[in-house]
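Participant: Chains as they are written, first to last, in this note's numbering: chain A, 1 to 89; chain B, 90 to 558; chain C, 559 to 808; chain D, 809 to 919; chain E, 920 to 1415.
Just to be clear, a hint being listed does not mean it is correct.
Here are the simulated BS3-like pairs of lysine-lysine, each with C-alpha atoms no more than 27 Å apart in a straight line [to be verified]:
#1 1016/E to 1272/E
#2 1278/E to 1016/E
#3 1016/E to 1265/E
#4 1265/E to 1278/E
#5 944/E to 720/C
#6 172/B to 1278/E
#7 944/E to 1016/E
#8 720/C to 662/C
#9 123/B to 1278/E
#10 172/B to 1272/E
#11 123/B to 172/B
Since the hints were made in silico from the structure, they are not lab data.
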Amino acid sequence: MSLAFMVFLYLFLIATALVISAIGDILSAVITLSVFGILLATAFAILQAPDVALTQAVINSGIVTALFLVAFSQTERPPCYDKEEEKEE
Amino acid sequence: MSLSNLFDGINAPFLAAGLVLYISAVISGEWYFKAPGERVRFRVLVAAASAGSIGILSSGNWLLFVFFLEILTLSLWSMISMKEPRAALVYLLSQLAAAGLILVGTAGVYAHTGSLAIGPVPEPWRVFFMAGFGIKAAFPLLHFWLPEAHGKAPSPASALLSGFAVKTGILGLIRAFPEPFAPLVLIGTVMAFFGAFMAVFPRDIKRVLAYSTMSHLGFMTAAVGAGSGEIAAAYAFSHAMIKGNLFISAGIVEKTFGTRDIFALRGSGRLHFAAVAALTAGAFFAAGLPGTASYLLKNSVISSLGHTAPWWQPFMLTAAGMMAAGYLLNITAPLFFRDNSKNGTPKHEEGGNIIFAVLSVTILLLVIAADSFFPSILHAFRVDTGFTPASDKLEAFIASAAAGLIILLARLRLKGIPEQGLPDIKICLSMDEGPLYAFNRVSGCCHPGRLNTFVFVALVFLVLLMLTL
Amino acid sequence: MNIRPFLFRITALFLCAFLGVMLFRGIAAMPPKESVTGPAAHYLERASRETGARNVVGAILFDYRAFDTLGESTVIFTAVCGISMLFSRRKFHRSSSGLSFIAKRGIGIMAPFLIMYATVIILFGHISPGGGFQGGTIFATVTVLLCVVFGSSFESSYFPPKTKESLESGGALLFCGIGLVGLAAGTGFLSNLSAGFPAGREGSLLSAGTIPLLNIAVGMKVGAGLSAIFYSMIKMLDTTNDYREGGPIR
Amino acid sequence: MITLSYVTSVIIFCIGLYTIMARRNLFKTVLGLALMESAILLIIVSSGYIPGGVPPIEPFMGPAVNPLPHAFTLTAIVIGASDIALALAFIIKLQRHYRSVDLDRIRGLRG
Amino acid sequence: MTLVLAIVVPLVAAFLIPVFHLARKTLPVSLIGIMGLISLSASMAAAYAGWFSPEVSLLGGWAPEIGIVLVADRLSSAFLLITGIGSGAALACALEKFGGGPWRFYAIFFLLLGSMNGILLTGDLFNLFVFYEIFSVAAYLLVAFSMSWQALEAGLKYLVLGTIGALFILLGTAFTFMATGILNMALLSEALVSVPRETLTAISACLVLGLTIKTGAFPVHFWLPDAHSSAQTAVSALLSGVLVKVSIYALMRVCFLFFLETNGTVFLAITVIGSLSALGGHLMALRQDDIKRLLAYSTVAQIGYILIGVGCASAAGAAAAVFHSFNHMLMKMGLFIAAGNVSDEKGTREICKLTGLWKEKPFWVLGFTVLSAAIVGIPPLNGFMSKWFIILSSAGAGTVIPALVIAAGTVISAAYYLRVLSAFVSPGESDQEDPFKSSPRKVRSKIVSLTIVGSFAMFCLALGIMAFSPFSREYFSSIGRTAVDVGAYVGLVTGR
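Generate the whole structure from the sequences, applying the supplied hints.
Facilitator: Here it is as structure tokens:
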């Protein structure tokens, strides 16, 4: 694979990492994390590691992002129902 | 832990002193403590303390020495805490620090010489032994616990404290520095004078006696510094007897009149001579008048300094000796002054059976008398009891004049000193005032609770590791 | 006084940069490797003969260093057990929210193919890239998809939490069972061909002794585990949607 | 080419560490953890790369790449995922009590 | 053969618990008790095997260079003994307190047990990382088990710091793998000699930081007081007594194998960390008014003592560290169980409110006194002897400051333990008979926990006396020798 493509890939990786750390809104940071995961999977593919690329794509971009979104929506929601739930416990 | 060295030259006087003291303490304990529970507790603690002392005297290596030292400290701590927990805490912490320092010194000796046996300490580790035994023997700046512990302990316990516990420091010094060691002489003389000077001010009898213990310890340290361990041991024996008697009789005075303040006890001797008799007799023997054992011992210490010592050291020692007479006079003379009937009839506080008190005091007085009137006992401890040569007489006279002047001056100038005399270090471990409170406020920020500060500290630690490794 | 956070960030940035420089110096100091050295060379040469597996990474994961994989799947088991412990007390609301009809129908068609794709990845772990972890996770993504599109009650009717738990512990026990068989055969825990497992024809589905079995075990564990994690987290989210739309269905 | 990947992975590692320290939102901390995790994965995988290598599937068509790092990366990815899942679970439960994910307010245990 | 069982039996027990749960709602206490006994006997068998004939078991039948190796020598069998006794006591306390109800707690407990045995027995660096990860995840969950907001916050902080530590350990492992291509610890100790200087600094810095975060030494100790004080009684006893010791074992094993010849300054760094922890732990404990936080900071200080012992890089130092970790396990578990029961009984954890206990619960207070006297280092008990051995080894290694720090630590710890004891003994307001409070809520007395605290106190006394006999000293110095003797370890693994 040509060096130029690798340089572009790594620069894009660093860019997404900076976006994840710098951006204020959590939702877009999580989406950027899944983009970061996919880019990392392509980097692994280029480094001749198909197993790792598949795992990275599925786990870090798949399940982890899904968990992030679920957790984010749990905490963002104004827990109006909480009072009712508190007394149930 | 061979018993063979239990009876060698140095240990014998300590053993004798310990024996007599523990017997009289147990007996006076029967009288001093009213509640039966307290009496049982005191007997158990005295048994533990005597076991510790036997262990100390017969231990072959430094580790066992510290082992039994801490057992002795523990039992004395719980004795003091029967009456005054805070002073007991100060005592325990200082003695634990002393034991820790000696432990470190022992580890150094083991690393240096490969054996733990008690013996002269090699050069680099001497400072630990001096510091450790310094706290034990109340060197000038490390003495903060002495007035607190001795002053506020129940009198049989403070008899044991002054009689034996402090002497273990001297025993350690004798073991650790057999050959002459100049700094010890310096510390000894300073301590003797400082103790005597501080003893003049307090109005509480027991605090005066505590400071007098300090000054006598100064004499013993000077003797050890001068290389004559036997004299120090003999001095320890006679001082143990004297101090034991003084503390127990002070206890009798306190029990019968309910207070230890010499101003309040003014003229009480006329009303109830029996209670005060023991105190006056003890004071007479302790004052070091010519002919009594303490005089002989003081002179032998001063003469053992030899001619190498600078001129002011023998002078300060004799001055301290004379001041002993001064401050003892301070606490006994007012008892017989004309009573201006301020404090009414003496309040009889019903302690245990008074017979026990009288018995314990008489035992001590008998031993002191024997010690003074039959110098042959001192010969057994290889103490030269010749009178001081003529040339020193002039020096002795000047020293006594100086001592008298200092006492007079102090008495007049510092009349209004509050009860505890010069402010001692007031250590209190309650969280609401004192050093602990300040430390509490300062160290509040040591655990901020913010996650990113924790990570920041971890990163700083990592960078330091990167740099050093 | 807002100078403190700014100062804090600058020093943090500087320390991170310094750490990066030290790490990079550590890496740069190493001589570049032209060929594979050490145990990896052994794996490359003799993996197919000693384990019968074509995929060397699969051979390492499930035969040479199978103990690591046991540890690895235990990490997931702990995480799953812990998360369901954290969310166990919340009362379980069966809720049936879901996306629009078009999404449901589209996913309805795709779901079987996804599940079949996951089983292919698991079963062909020792021949082509893939294996227990990847297949299990794809299966978990399928359940996530069902949860999101059809609502957690629909998904829990197909894959009830009880079966997920039993699937997970069953996979773990299968893994340990295979290991103990090797131990019983006397050639050490988790040993493959040397413990009498059939090597089978090179490259065929039923080859390479225990590796496919271990793949299936890990696939069960990872799949059931990750979907259990997602399920225990998402069931709280569903209650909120229904609450707004018209009261939760008790 | 490999030193390039080492440089990027070290940079991403430092970015992750910086996010954990400098940001006040708990999610950013977990995102930082994920970034650090991915950076280490990149380091391990690129350490096994052979210029002109071939994926380590049995009929090698050339010098095969070192398979050992791939096995470790697989394990590390799954461990990282379970860590992040646990962290998110803790965040949800903690948000219930503190009503916020701001690190300055989650300081209940102090002193 | 027995080594693998020590790891696999607890794991299988953990996997079986959900299956049993499916069969019956709440598990019978006897079932969990039997499982506990079996797994403890498995780990004791491994300890026995490792003590008398150091044993190597090749996993999957592969040679050490190829596959993973489990090694049991005297150092690991000593720590196996510590974890066995500690986790047995903690399991007994938990069973008595919770009964069979929370089955997930016991599943995670057995996973923790299996992973602890894994760390103590593994001979492979990456396998150590994997088991360390199970160990940490299980620890985060046990801390957060009581579901109170303090426990959850402590669990989260412990998780984030623990994960950062694990990442740095992974980074160190990656660096060692890149430099040498080997992962077996024994072969690595030979291969690390030829590694260039910068890489060695990076490796040692990352590994030392990761392991120090896990042990909770001073600069990075922030998670330890929160986690140990907000966890349940049995869990905090387990955390303080056993979990910390396993991290210390990992630190010892990694540092002695890798950095004994190649990088001497690591041991200097460990001594500095140890002295910092000892001082910092004691000073911070002095200012606490919550009894469990006080005990947690005292753990930080005692870890400092152990690290000072490890930092001496000598056989005597290692032996002193092992002896002190054994003593500390006994003392701290007893203290935590006693403090936990007392504070649960009174409903508060403030020291100034835990008054009047001498009349209500004399045995607990007596146990607490003996154990705190032991941990302070009062002569007849074992704390004094282990403190003495550590001072001896640190003076032998030429460093005086740590010895002085330990001496100062004795004084400070005496101060704060006496503050607790004086509060216990002082007559509380509950003396005047309060008709409502005392009579109805007769909490059933905790026989098992009381016997545990009592037996630990007796054990301390016996060890204190026994440590004088040359017989027991020979045991512990042999542990120290095997820990430091890298050549024997390598010979054992590679069979040369």
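Participant: All the hints need checking, so say for each whether the structure fits it.
Facilitator: Hint check results:
no. : hint             : result
1   : 1016/E to 1272/E : holds, 24 Å
2   : 1278/E to 1016/E : holds, 24 Å
3   : 1016/E to 1265/E : holds, 16 Å
4   : 1265/E to 1278/E : holds, 13 Å
5   : 944/E to 720/C   : holds, 13 Å
6   : 172/B to 1278/E  : holds, 20 Å
7   : 944/E to 1016/E  : holds, 18 Å
8   : 720/C to 662/C   : holds, 25 Å
9   : 123/B to 1278/E  : holds, 22 Å
10  : 172/B to 1272/E  : holds, 23 Å
11  : 123/B to 172/B   : holds, 13 Å
Violated hints for the displayed structure: none, as all numbered hints are satisfied.
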